[in-house]
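Starting from the given sequences, assemble the full structure and let the hints guide the process.
Numbering (my numbering), first residue to last: 5 to 183.
Keep in mind the hints are simulated off the structure, nothing from the lab.
Using C-beta positions, here's what the derived DEER-type ranges look like:
id	residue 1	residue 2	range
1	A92	R162	29 to 35 Å
2	G15	G53	47 to 53 Å
3	A142	L56	18 to 24 Å
4	E10	E44	41 to 47 Å
5	D89	A50	20 to 26 Å
6	E21	D113	31 to 37 Å
7	P140	R166	18 to 24 Å
Given the structure is predicted, the values throughout are model-derived calculations rather than measurements.
Here a beta-carbon is modelled for each residue, glycine too, at the ideal position from N, C-alpha and C.
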Amino acid sequence: LRLIAEERGLGLPADIETVVEDIALRLISDELRPIEGAGEVVGALAMRGVRLAVASNSSRRLVRQMLGAARLSSAFGERIVTCEDVAAPKPAPDIYRLAVSLLSARPEDSLAVEDSPVGVTAARRSGMAVVGFCPPSATFSGHELLRAGAFAVIPDLRELLRWPRASIPVMTSSEEQAP
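Pasting the structure below:
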């Protein structure tokens with residue numbers, strides 16, 4: 005928001021981030037509805053022993069509020085990485101690198117599910133394979149997610165449960181540099 009205001013020569017109040025976050029928290033509490041199938045997928049993956057983490061450009065406060073509203077907090081515990089935890093947010097790979105380290109995993113053995121081109125770029129730069137998530141109400145098109153580097157796009161998270169593990173590509177170092 006500040007970057008846009010600076011580009012246009014507009015002044016913003018010093019506490020604009022706090023004001024916007026407070027509004028977002030109220031909206032989450034009052035209006036957020038979980039993505040259809042999210043609870044089912046997270047629960048099924050946890051039952052299979054898949055370790056999960058959140059990697060978000062949002063604040064920790066907002067992420068915790070969203071997970072709580074969706075009743076998914078327990079599945080992620082403290083494995084939450086936000087823009088507050090890294091020097092450079094998405095599209096830099098820092099958020100994903102830290103999330104993978106919290107899972108004691110390697111990026112090339114991990115899969116990111118992303119709904120934005122900036123997020124796809126960040127995950128790819130970290131060395132992860134990425135599935136684009138593009139439900140009917142998505143902000144970005146499946147084409148935009150593929151162009152950013154997702155290897156597939158799904159409209160429903162439950163599709164993840166139908167994939168055999170062997171069908172998820174392993175990233176090589178040359179692919180990590182792809183745009």
